[in-house]
Structure formats: C-alpha cells, structure tokens
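Undergrad: Single-letter residue listing:
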Amino acid sequence: MKKLQSEKLKKDLKSLWRDRELIIMSLPAVILVVMFKILPWSGLQLAFKKFSYAKGLFGSPWVGLNNFKFLFLSGDVFVRMTRNTVAYFVLFTAAGTIGAVALAIALNEMVFKRSAKMMQSVMIMPTFISYVAITFIVNALLDYQVGMINQAITSGGGKAIQFYMEAKYWPLILTIVHIWKNVGYSSVLYLSVLAGVDPEMYDAAAIDGANTFQKIRYVTIPMLIPMISIRTLMSLGNIMESDTGLFYRVTKNTGALYPTTQVLDSYVMNAIMNTGGNFSTTAAVTFYQSIIGFALTIIVNLIVRKKSPEHALF
Amino acid sequence: MENKKITIGQIILFLLLLLYTLFCFLPIVLVAIASFTDGGELALNGFSFFPEKWSLDGWRYVWELKDQIINSYGITIFITVMHTVATLLVESMLAFALSRKSFKLRGIFSIMLLLTTLFSGGMLSSYIFNTSIYHLKDTMLILWLPAVSMTNTIILRTYISGTISDAVVESAKIDGARDFRIFFQIVLPLMKPSLASIGFMTAVGKWNNWVTGQMYISTPEKRPLQNILMAIENNIQAMMDSDMSMEMMESMEGAIPEDSARMALLFAVLGPIMIIYPFFQKYFVKGLTLGSVKG
Numbered sequence: 001m002k003k004l005q006s007e008k009l010k011k012d013l014k015s016l017w018r019d020r021e022l023i024i025m026s027l028p029a030v031i032l033v034v035m036f037k038i039l040p041w042s043g044l045q046l047a048f049k050k051f052s053y054a055k056g057l058f059g060s061p062w063v064g065l066n067n068f069k070f071l072f073l074s075g076d077v078f079v080r081m082t083r084n085t086v087a088y089f090v091l092f093t094a095a096g097t098i099g100a101v102a103l104a105i106a107l108n109e110m111v112f113k114r115s116a117k118m119m120q121s122v123m124i125m126p127t128f129i130s131y132v133a134i135t136f137i138v139n140a141l142l143d144y145q146v147g148m149i150n151q152a153i154t155s156g157g158g159k160a161i162q163f164y165m166e167a168k169y170w171p172l173i174l175t176i177v178h179i180w181k182n183v184g185y186s187s188v189l190y191l192s193v194l195a196g197v198d199p200e201m202y203d204a205a206a207i208d209g210a211n212t213f214q215k216i217r218y219v220t221i222p223m224l225i226p227m228i229s230i231r232t233l234m235s236l237g238n239i240m241e242s243d244t245g246l247f248y249r250v251t252k253n254t255g256a257l258y259p260t261t262q263v264l265d266s267y268v269m270n271a272i273m274n275t276g277g278n279f280s281t282t283a284a285v286t287f288y289q290s291i292i293g294f295a296l297t298i299i300v301n302l303i304v305r306k307k308s309p310e311h312a313l314f
Numbered sequence: 001m002e003n004k005k006i007t008i009g010q011i012i013l014f015l016l017l018l019l020y021t022l023f024c025f026l027p028i029v030l031v032a033i034a035s036f037t038d039g040g041e042l043a044l045n046g047f048s049f050f051p052e053k054w055s056l057d058g059w060r061y062v063w064e065l066k067d068q069i070i071n072s073y074g075i076t077i078f079i080t081v082m083h084t085v086a087t088l089l090v091e092s093m094l095a096f097a098l099s100r101k102s103f104k105l106r107g108i109f110s111i112m113l114l115l116t117t118l119f120s121g122g123m124l125s126s127y128i129f130n131t132s133i134y135h136l137k138d139t140m141l142i143l144w145l146p147a148v149s150m151t152n153t154i155i156l157r158t159y160i161s162g163t164i165s166d167a168v169v170e171s172a173k174i175d176g177a178r179d180f181r182i183f184f185q186i187v188l189p190l191m192k193p194s195l196a197s198i199g200f201m202t203a204v205g206k207w208n209n210w211v212t213g214q215m216y217i218s219t220p221e222k223r224p225l226q227n228i229l230m231a232i233e234n235n236i237q238a239m240m241d242s243d244m245s246m247e248m249m250e251s252m253e254g255a256i257p258e259d260s261a262r263m264a265l266l267f268a269v270l271g272p273i274m275i276i277y278p279f280f281q282k283y284f285v286k287g288l289t290l291g292s293v294k295g
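Taken in sequence, the protein lines are chains A and B. Position 246 of the first sequence, counted from 1, bears residue number 246 in the working numbering, the numbering being contiguous throughout. Position 129 of the second sequence, counted from 1, bears residue number 129 in the working numbering, the numbering being contiguous throughout.
Think of the hints as simulated: they come from the structure by calculation, not from any bench. Bear in mind that the values here come from a model prediction, so they are computed numbers and not experimental data. It cannot be assumed that every hint is accurate.
[To be verified] Residues of chain B clear of chain A, computed beta-carbon distances all greater than 10 Å:
| # | residue |
| --- | --- |
| 1 | E91 |
| 2 | S102 |
| 3 | I164 |
| 4 | V168 |
| 5 | P193 |
| 6 | P220 |
[To be verified] Restraint ranges, calculated between C-beta atoms of paired labels, are given here:
| # | chain 1 | residue 1 | chain 2 | residue 2 | range |
| --- | --- | --- | --- | --- | --- |
| 7 | A | L39 | B | A167 | 35 to 43 Å |
| 8 | A | Y218 | B | L16 | 17 to 25 Å |
| 9 | A | F294 | B | V168 | 34 to 42 Å |
| 10 | B | K282 | A | K168 | 37 to 45 Å |
Ideal Cβ positions, reconstructed from N, Cα and C, are used throughout, including at glycine.
Looking at chain B on its own, in the form it has when it is part of the complex (with noise of 0.2 Å):
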C-alpha cells in the first residue's frame, strides 16, 4: 500500500476528492464573501463569488446589534456549557454505576433506558409535558437542562469496563474508598477521551439547536443565538422591537436587513465552531468509533 506509484488513476481520483471538498467548503467561502459584499451590488447582480464592490457594511450591521448579539452570545455560551457539562456528569455517573456488576439496580436501570429507546411519547405529549405539568416555558432551565441518552450512557459504561479493571476499583475499596471517591478521583479522571469525544458532540448539538428555543421561548433577552438568527431571517422587526431604538433605525434607511448583513450575522454564529473543530477532530472520530461497537 505503501509505495504505490503516483498513476494516471491516482490524480483522477485526488481531482474529484478535491472536486467534492469543493462543495463542501464553497458554500461557507460564499457566506464570508457575501458578508463583505455592498448590499446595493448584491440585491442588483445577486451573491457572486466574486463581487465587484466589497463593503462592511454588513458588518457595520452586525456591530448595530451587538448588544443583543452579545446577549445571545452569553446565553448560548452559558446553556451550552451547563448542558454539556450537566449532561456528562449525569450520564456518566450513572454508567459508572451500570458498570459495576455487583450493582443490583443494574438490569432495572437498563431496562428502563432501553424502553425509553424502544418507545417515546413523541415530540407533543413533550411540550405539553413541559409547559402545563413542568411550567417550563420560558425558562432559562428547558435551554439548558441535561439529557440521558441510551447511546452515549451505554459508550460510557462499555468505557468504563475497558478501561479500568474490577480489580483496580475492589482493591480500592478494600483500601477503604467508598464510591463516590473511587467514581471521582479513579474513574472520572481515566474517562476523558470518552467525555472529550460525547461532549464535544453533546456541546455542538446544543449550540445548533433551534428547536427549543423556538418553541419554549419568547422573551427576546432570553433568545439563543440560533434563534436570534431566525428571527432575522424571518422577520427583522420582531428582533427590533426588543432593543433597537428609533434613532438607531432610522440611521439604518428603513433597516430591511440586507442580505449582506445576514450574512456577516450567519458568520459570526459559524464562526467559533469552525475554530473550535479541528482541536476537537481526533476526539469525535475516536468517539464515533467507540459507538460503532458495543460491549
């Protein structure tokens, strides 16, 4: 496999791999060029790769809204954070506790996460679940409270029993440790390319997720930066009326956001994760690895 010779065969194939990384990247190359378009070139010859008159005014745009901006950059900072870490805690404490064999609970628990796999009360019986029973609507709690999920409880636990032998947790016990101990000073510690792996997927899910915010929310401060973008989309005014003030509109000729200015909003969303991702490359196809077999 090694020395296989640089053929004919060879760079037809690193063209069209090329040709497909292409359209992957293209898209994104578009949003960061339309987003230093001028709008009046835009909305006359449409997005272009290559544009005849560049402008920040999209950006200027962004930079009008950055109070609100910024207020969803925290709220999404700060729910991300909570349910990753939240969600990591929650689900690996219990797959410690499904890992350790002499645990009588151990088949009920199980058996109750699988029914909750097998069988779901569906997306409505949810939301009224958590809105008339729960009195969740609205809340800072539904954006960032944690979820189990079989898949990653069961990754974890298959982890943990690889990873770290009975013998090392009895002889710990023997020495006196009780659980919570040998859980966070042995077993926690020995888990991270397991919880790098599930949290940075758990913290994307979290900060591409619209769904909640959408559906439970609707105080303008409280709004998710997903949100905030759709809110944008759909209608500019219903972003405005929470804190953009007359004088500030008035400076922006009428404020249709022009579709250069989405656009240096939609970069600034992308943005971190695209920074962020490469670090976390290696983790995330280990961890998709790790899912594919179960113990």
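In isolation and in its complexed conformation, chain A is listed as follows (with noise of 0.2 Å):
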C-alpha cells in the first residue's frame, strides 16, 4: 500500500516536471489572481472591524456587529440603496433587452443591407464613450442655464428645470444613457443570432400565408428566445454591482440626487474617495453586497445547469 502512494506520489511529481513550462506559463496569472483577488477575500472581515490605516487591516479591533447596528440605524439610506440598485437592474435589463433584441430584428428586416451596416457602425459608437465624457454631454443637455433642453423649455415660454436638484428625473436619464451606451453593442450578439437562421423557415412560413409580422413573432422570436433568457440569467450574478461610471459621474455625485440615484457601489465609491479612512458602515455595506452576490450567482448557476447546461458556469 505505501508503496504504492509513493509510486502514485512519484509519477505525479514526474507529471508535473514534464509540465514544468506550462506552470511557468500559468504563474504570472496565478500570482496576479491570488494578489489582487483572493487575498483581498480578507479584507471582508472590515465588516466586524474599526478599521486604522496605522493598526492595519489585520491589527485593527474587532466591534462585533456594530457596523451594522449604525447602517441599520442610518434609517432609511441602506434601503433605498438596496432598492435603487434591485430597481435599476431590472429597469436596465428590461429596457436593455428589449431594445437590442428590437433593434436587431430590425437590422435584419432591411432590405437595405449597406445602410443596414452603416447605421450599426454608428449605434455602436457610444459603447466607447467614457462616463466622464458622457458626463460632459449630459451637462450639455441638462444643465440649468445653458443646457439643450432647458433652452427648448424656455423658448417654448416654460420654465426652466433644476435636472441637478430634481431626482424625479434621473431614472429616466439614466435609462435614456444606459440605452445609448449600451443598446447598440448588445444588439450585435442577437443580430449574430439571427444570422443563422434558417432561410427555409421563413420560406415555410410565407408558404403558411405568414405575413412579416407574423414571421417576426413564430419564427424570428422563438429562435432569439434561448439568448435572451440566457443572458438575462446570467446577468443576475452582477445584480448587486452596478456601472458605477454611470451612478457616481454622469449624476456628479449629487447629494440632492441621491433618493433615486445612489446604489452600492457608488456609496462605496463615495466613501473611498471621500471619508478618509473611516470605513466602518462603507464595510458593512461590501460584505452584504459580496454575500448577496455570492448567493445569487449559486442559484443562478443551478437554473442555467438544468436549462442550458452548456451555458453554466460550472
């Protein structure tokens, strides 16, 4: 028996040697994974801590649950951001997908393909705009005195809006912006989707007396159907992290804006970059986010195993 280990010991160890290369070639990504992901697992442990840059992440002393006593106690921030997040998530993909999957039955209807290209050039575009140019766009449109819109307002004989003090606005803006970014790129995968289908089936449907409407609903949306639920699920991992370009600058991380603007992320963001060093509630609200998500992204994964198992993660 022991002899037999040591054989096995020895023939894996021989294994390995052969692929000495290969591991050399893993390492780089190994240490940058183990660094700059894993590592940071600790520093979840902030959560029950009174962190100090002077004692450390490690030195500093435990409080127990009080971080969370004082997030709780903030009244109704924690909620509103847990809220602002959930809302956006489903709002962004409704409106996301629905959009793409329009956009690119429509590209595909064309009969005029050069133009059909064209136009998908251009409605790809601002996926490579940053945020903060974005933010500047925004502000061309929205701001109070000089803004696009305020100017069409007021010629009009209205009154000029407060866009940067009313957060009644900003899910629509948001929305408006998510669409824009994002609606063009995304349609590009749908669009690949379409490209495979089967002339024929569209050939038997006319042959059935389908008209383009009802080709569109029996056979172009049956066949886009298995994407769509596949990346919305899959979607759902990330629901507590949102696109903090868009929540922390295109609203200039207005505090009149915050009831329908602040999420997470943006509110971890905020804290970094502003508290100096006292994180106490920032950790507590890390460590709720990374559970939730953790949890989230298992049971995923075990809807898309027995759906699709070849879209699971694992």
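Reassemble the complex: the two chains are provided individually, in unrelated frames, and hints are given to aid placement.
TA: Given below as structure tokens:
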C-alpha cells in the first residue's frame, strides 16, 4: 500500500516536472489572481472591525456587529440603496434587452443591407465613449442655463428645470443614457444569432401565409428566446454591482439626487474618495454586497445548469 | 429574403432606424459643434446645433494646455499599451496551459479562476490592499497592472482548443519542441483573431478608465487623460495648479473654462477611439459571438 502511494506521488511529480514550462506560463496569472483577487477576500473582515490605517487590516480591533448596527440605524439610506440597485438592474435589463432585440430584428428585416451596416456602426459608437465624456454631454443637454433641453423649454415659454436638483427625473435620464451607450452594442449579439437562422424557415412560414409580423412573432422571436434568457439569467449574478461610472459620475455625485440615484457601488466609491479611512458602515455594505452576490450567482448557476447545461459556469 | 420588395413598411423601418441612428450620433456632433462655438454666444444662448457665432477659442484653450494634454496622452497611451499587451500575454499563457488536457494543475487553476468570479472582496478591500499592503498608491504600476478575467481566459482557451488540434501540439513535442516554443511559435500566431477582439475591448476599457486614476493617483503629472477631463469638469483650479503659469492665466482672463473649451478638450480625448474603432469592428463583433458560446 505504502509503495503504491509513493509510486503515485512519484508519477505525479514526474508529470509536474514534464509540464514545468506550462506551470511557469500559468504563474503570472496565478500570482495576479492570488494577490489581487483572493487575498483581498480577507478584507471582508473589516465589516466586523473598526479600521485604522495605523493598525492595519489585521491589527484593527474587532467591534462585533457594530458596523451593521450603524448601517441599519442610518435609517432608510440602506433600504434606499438596495432598492435603487435592484430597481435599476430590473429597469436596465428590461429596457436594454427589449431595445437590443427590437434593434436586431429591425436591422435584420431591412432590405437596404449597406445602410443597415453603416447605421449599426454608428449605433455601436457610444459604447466606446467613457462616462467622463458622457457626463459632459449630459451636462450640455441638462444644464440649468445653457443646457439644450432647458433652452428649448424656455424658448417655448416654459420654466427651466433644475435637473441636477430634482431626483425624480433621474430614473428616466439614466435609463436613456444606459440605452444610448449599450443597446447598439448588445444588438450585435442577437443579430449574429439571427444570421444563423435557416432561411427555409421563413419560406415555410410564407407558404403557410404568414405576413412579416407573423414571421417575426413565430419564427424570429422564438429563435432569440434561448439567448435572451441565458443572458438575463447570467447577468442576475451581478445584480449587486452597478455601473459605477453611470451612477457616480454622470450624476456628478450630487447629494440632492441620491434618493433615486445612489446605489451600493456608488456609496462605497464615495466613501473611499471622501471619508479618509472611516470605513465602518462601508465595510458592512461591501460585505452585504459580496454575500448576496455570491448567493445569487450560485442560485442562478443552478437554474442555468438545469435549463441549458452548456452555458453553466460550473 | 434577398428579393424582398421595397415596400412602404421598409421605408418606415428605414426612417425609424435612421431616427435611432441620429439619437446615437447627434450628441457626438453636438460636442464637435460646441467646441467651435463662440464662448460668449454659448453662455448667452446655450448649446445649439446651429450657433450664430463660430470661434476657435475652445481649441486655442486646448492649445494653451498642450503640454499637460500631451503629457496625459503619453501616460494614457503608455498604460493602455502596457496593460493590453501584459493582460493578453498573461491570459493567453494561462489559456494555453488550461487547454492542455494532460496538464495536472488544470483543474486547480480552473477552480481558482471560478472562485474569484463567484466571490469578490469588493472595491473597499482591494483599495485597502493596494494602498496599505502593496503600496501602489500614486504609482504608474497600479495604472497599467494586468488583470486576469475569467471570461476572457475561457474564450481564449476555447479558441485554442477549437483551432489548434492536439495532434499539432503532440507532433511538435515529438519533434523536440518544448512548451514555450510551441506556445510562442505555433499557438500564439494562430490566436491572432481572438487576441485582436479581446485586446481591443481591453484597450478601450483602459483608455476610458477613470476610477483607478481617481482613487490612486495624486500627482498631477501622472494623471491619465480621463482624469484630466474630470479635473477640468470639477474645477479648473485643480488643473491649473500643476503647470499653468501666471501670465497664461492672465492671458485667459480669469481662466474660467468656457463650455466650448471643455468640449474641445473632450473632443481631443474622444477622437482617437472614434478613428480607430471602425477598423476593429469586425474583430470585436467576432469576439462578442465567441464569448457567447462556452466550450
């Protein structure tokens, strides 16, 4: 028995030695992952500590559930952030998916193929514009004095709106920005699915007397359903993470807009930038984010594995 | 499908799509026009597609700041190139190792990658680790440090197993080639299409990244372009304190950045990507579809 074990060990070591160059090639990636992804897991203990730079991560004193107590005592802020995070996720997923699918179908139906190609190139362009730049553009449209929209309102005899003071407009504004930036790009994926649809299916539908809309309803959309459901399911795992650039930058991190724009990520970001090391409730928020995100990814993966095993993460 | 007739429906569809195209395109046009609009006119009448008075003042302001902008351009180009090349190299080497079925550590490394996507320490822990343990605050390294993404590694691995058969690798081994040589001389050249698509997305991400600069960089000379833009947007003073001389300030009469100047600067930053991206379009379209099928 012992001899067998040592023989196996010897064989393993031999195969590792044989693959030494593969090990060296994997090392840079492995080291990066360990240093910047795995070791920072230990930072989550801060949720139960009072952090001070002087004492460091491991030396800071434990405070039990105090940080969470502060978080929950902070009144509706916590509930509001969670609500915003989840609500924007739902809103963006719905609007983004419907937009991208509609766009893909429209581009696919068009007979002027050359113009469709050119239009598509233009529609993808906003994806490559940074949120810093988008902030400038949004400001040019919404500014109280020189903004284009307010100019139009006042020249029509209306009263200018202080967009950066009124939270109620921002769900709409942020959704429009999200669509502008992302829909053109994600339609590419659906278009590539449509490119693979057998033309005979349309011919068959035509013989059965289907008009264009019926063809879309009964041939095109069913073809897209698997991709739509997989993409939506997979994105569920990231529900706790928002597009920080959109919520932190485009809103210019304006306090007056927090009721409808503050999400968990922008809260953490704000704390890192401004609190100078007092991370108590922030650490609690991060912990909460990680745990919920983890649980959701596991659940989503279970569902995906049932429905379409080839798309499951594990 | 090919010989569909040009019907009323087609024309309506065309017009609708044209409308959406304009919705995507006009904001960018507005930036361009605003950068050539006279500052006074802009302050008085606001942004417009049809300004009454044109002027080059905005661009003159960009010119005044040319040293700083060129410096930031240099930094952004440097970090984008370094980050993209390093990331692609690190990811594709790992992908190659993971694609080899006989590799004993394959399982462990895959699980490690998977765990990092499942569970994250969050932005705050990374920040504390990078600043108080690795001491990367205000260094160039933090700006270009390669990142390993599980999605990209899997795409590359799938690509390798899909295009390069085991037989090729095995016969090279029999001929006496070691793994390094096989990777750099056989595999890497064949990976070009997948590297182009992933590389382009990585590069754009880095070019547009403002978070790292904002969180970690305090020396004005080390600021990438996006952060210069932010400084301008937040407060011109933050930008001036670095290298604008007194007479320069005076020559600009109080130097409050007019909107046309901001827009000119914005356009100077956006320009390169807008020019480069059409050439890469076919690659990232391919990359996007590659990413949707997991092997």
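Undergrad: None of the hints should be skipped; say for each whether it holds.
TA: Now the hints, each set against the structure:
With 10 Å as the threshold on Cβ separation, the claim that E91(B) sits away from chain A is violated: the shortest Cβ distance comes to roughly 7 Å. For S102(B), the condition that its CB be more than 10 Å from all CB atoms of chain A is violated, with the nearest at approximately 7 Å. Distance to chain A confirms I164(B) as a non-interface residue, since its nearest Cβ pair spans about 15 Å, more than 10 Å. The non-interface label for V168(B) is consistent with chain A: the shortest C-beta to C-beta separation is roughly 16 Å, beyond 10 Å.
Every CB of chain A is more than 10 Å from the CB of P193(B) (nearest about 15 Å), matching its label as outside the interface. Listed as outside the interface, P220(B) is consistent with that label: its C-beta sits roughly 16 Å from the nearest C-beta of chain A, beyond the 10 Å cut-off. Between L39(A) and A167(B) the beta carbon distance is about 40 Å. The supplied range of 35 to 43 Å therefore holds. Restraint check, Y218(A) to L16(B): a C-beta distance of roughly 22 Å satisfies the suggested window 17 to 25 Å.
Distance hint for F294(A) and V168(B): a CB-CB separation of about 40 Å, consistent with the stated range 34 to 42 Å. Here the CB-CB span from K282(B) to K168(A) is close to 43 Å, well matched to the stated 37 to 45 Å.
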